[in-house]
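**Student:** Chains G and C, in that order, are what the protein sequence lines are.
With the first letter of the first sequence counted as 1, position 76 gets the number 75 in numbering that gives the first Met the number 0; the numbers rise by one all the way through.
With the first letter of the second sequence counted as 1, position 195 gets the number 194 in numbering that gives the first Met the number 0; the numbers rise by one all the way through.
It should be emphasised that the hints constitute simulated quantities derived from the structure, not laboratory data.
If you're wondering where the values come from, they're calculated on a predicted model, not measured in any experiment.
Treat the hints with care, as some may be off.
Because identical chains share one entry, a pair is satisfied inside a single copy or across any pair of copies.
With a straight-line cut-off of 35 Å between C-alpha atoms, the simulated DSBU-like cross-links for lysine-lysine are [said to hold, decoys possible]: (1) Lys42 - Lys219; (2) Lys98 - Lys234; (3) Lys219 - Lys47; (4) Lys47 - Lys177; (5) Lys212 - Lys42; (6) Lys177 - Lys212; (7) Lys234 - Lys118; (8) Lys86 - Lys47; (9) Lys210 - Lys327; (10) Lys234 - Lys177; (11) Lys219 - Lys32; (12) Lys42 - Lys327; (13) Lys177 - Lys86; (14) Lys118 - Lys320; (15) Lys177 - Lys327; (16) Lys118 - Lys96; (17) Lys42 - Lys234.
There are 2 protein chains.
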Amino acid sequence: MQRNFLLAIILTFAVGAPPAVAADVLPSWREGKTKQAIVQFVKGVTAKGGPRYVRPPERIAVFDNDGTLWAEQPMYVQLAFVLDRVKAMAPQHPEWKEKDPFRSVLADDMAGVAAGGEKGVLDLVAATHAGMRSDEFTAIVTGWLATARHPRFDRPYTELVYRPMLELLAYLRANGFKTYIVSGGGVEFMRPFAETLYGIPPEQVIGSSIKTKYEVRGGKPAIVRLPEIGFVDDKAGKPVGIHTYIGRRPIMAFGNSDGDFEMLEWTTSGPGPRFGLIVHHDDAVREWAYDRESHVGRLARGLDEAPQRGWVVASMQRDWKRVFPFEK
Amino acid sequence: MQRNFLLAIILTFAVGAPPAVAADVLPSWREGKTKQAIVQFVKGVTAKGGPRYVRPPERIAVFDNDGTLWAEQPMYVQLAFVLDRVKAMAPQHPEWKEKDPFRSVLADDMAGVAAGGEKGVLDLVAATHAGMRSDEFTAIVTGWLATARHPRFDRPYTELVYRPMLELLAYLRANGFKTYIVSGGGVEFMRPFAETLYGIPPEQVIGSSIKTKYEVRGGKPAIVRLPEIGFVDDKAGKPVGIHTYIGRRPIMAFGNSDGDFEMLEWTTSGPGPRFGLIVHHDDAVREWAYDRESHVGRLARGLDEAPQRGWVVASMQRDWKRVFPFEK
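All chains should be modelled from the sequences, with the hints used to inform the complete structure.
**Tutor:** Right, here's the structure in full:
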């Protein structure tokens, strides 16, 4: 007995831990075509010597954030942050009461904010995202996330992450993938929470950015945030962001809106095994149902072209056993 | 005997592989203050529970490339590439014979090239680095590196890497560091060789870049290189590049010129254990000797301020047993 036990230990160490049991993989995904497609793809690219094998350094998976990893309704989390910041900063800016887009924000007049268009958004970003050191901005974001609550669920925004996607991130990493966020959101807005929330380190977060400069103030070096757009990581900007930061083409891409179309197109049109998946928000009970007509996360072309492009459309309603971690 | 042998195997598996023997570490570095400083720093930040311990995700080390990882004399390798490309492309551009800076390049008149200043360099970069797809540019770089030879050593440029630095990269990675290139050189010029030469994957290469755009040509998506400077990763640009790509401050930085000053300053002024090192080119026999008066790799402020800033100055002559891998 004891001798066999020793042998068992030695063998375990020698051949490594036993592979994860299939039943344990992606427990919040219902059995079915979607889960099967994911698992079969991963099995293919990790089967050494197999026809679909991909070397670990090439196993890059990219994820949109808003609507793909966490909820984006009733508005992008970063927009809620901007609105809250304007209100918090208003006492120091009495002139904002008379001046759009700030006036509209302070009056909770979202139609007025929207009427300001791109110029208005830039003014809001400049006022709330620039003019401070980068570490100061990180502290502001972290502080806000610790106290702000989602209007529908009355929970911190960080609890509105999708449990199936957290499992998917972990599953891919366990299979030698490097997981990246590629989002239209601000890179310095996402980095403070991406590591704890998703296990994605700051260097694997790609997003939109304003310009920064290096400055030595009173002997102390700092990165200072400037009121000027640097890079917009959305639509055709996503492949450019991927190319700039990663320098190679991912083999898996996950998105939920037409803002992710080019990222999926770029990822899945390369040679060898490729995988594209669109999260379809069709669950008005547990989350939200929206696609073609939505202002936030509009999805039309992606739905139309997914079949011919071989992209998997994951139905929140049918494919996900659970949506949020707080669900019983 | 056999029982003890079994026990030894079990213990080895249980506690992990034995630590590398000190004598094996950095064999091309001579015993002395410089090597000791490196090894002591690494031992400190990896000693779990120790006062200088740093978690693995924070173990970021950044390396300049030209003059720090490979030779930069008699001219930057990328400049040699540009000059060769102009000559190779000249038959398709008869107008270049009359038009500077191309005329000077074709006449091997380096003073004339230098007289063209920044505008001239931009024209050369636009002509040789832009207008093609990114994968086409990669193929051009790879092809050139396979045939071009260094004028003094008559070997491929890729053989002019510093053996002590290759050992250092491997040593840091073996100790849980993520190693990055942070260079003024073009990111897409470096990525094709960084992985095979240095073991640094493309996503850990930060450099200067021109703008790119995503385009679908005849149904095939591509990243197209545009004749417009995107980002200059030199001097105060280096901390900005680090911040943009990595999003956290490195704890070790290695450079050789004043172009690396801000990178070392930014790295070493953070809290906790910090390490900065300047490679001093003082070996005219095996490599080159240059610093304060050199056009390439000028080093003056770094030498002046290294002592008060606690930066290590590594002497190629005294600290390196071997410089290039091809040396016996």
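**Student:** Does each hint fit the structure? Answer for all of them.
**Tutor:** Cross-check of the supplied hints:
1. Lys42 - Lys219: between (50 Å within a copy, 28 Å between copies)
2. Lys98 - Lys234: Within. Shortest intra-copy distance 31 Å satisfies the 35 Å Cα cut-off; inter-copy 40 Å does not.
3. Lys219 - Lys47: between (51 Å within a copy, 30 Å between copies)
4. Lys47 - Lys177: both (18 Å within a copy, 26 Å between copies)
5. Lys212 - Lys42: Result: close only across copies, 34 Å inter versus 45 Å intra.
6. Lys177 - Lys212: Close inside one copy (29 Å) and across copies (24 Å); limit 35 Å.
7. Lys234 - Lys118: both (19 Å within a copy, 33 Å between copies)
8. Lys86 - Lys47: neither (56 Å within a copy, 45 Å between copies)
9. Lys210 - Lys327: Answer is neither; intra-copy 43 Å and inter-copy 48 Å both fail.
10. Lys234 - Lys177: This pair counts as both: shortest intra-copy Cα distance 22 Å, inter-copy 30 Å.
11. Lys219 - Lys32: between (56 Å within a copy, 29 Å between copies)
12. Lys42 - Lys327: Answer is within; shortest intra-copy Cα gap is 30 Å, inter-copy 46 Å.
13. Lys177 - Lys86: For lysine 177 and lysine 86, the Cα distance exceeds 35 Å both inside one copy (39 Å) and across copies (41 Å).
14. Lys118 - Lys320: Intra 42 Å, inter 60 Å, cutoff 35 Å: neither.
15. Lys177 - Lys327: within (30 Å within a copy, 39 Å between copies)
16. Lys118 - Lys96: within (18 Å within a copy, 47 Å between copies)
17. Lys42 - Lys234: within (30 Å within a copy, 46 Å between copies)
Hint check: violations occur at hints 8, 9, 13, 14; the rest are consistent with the structure.
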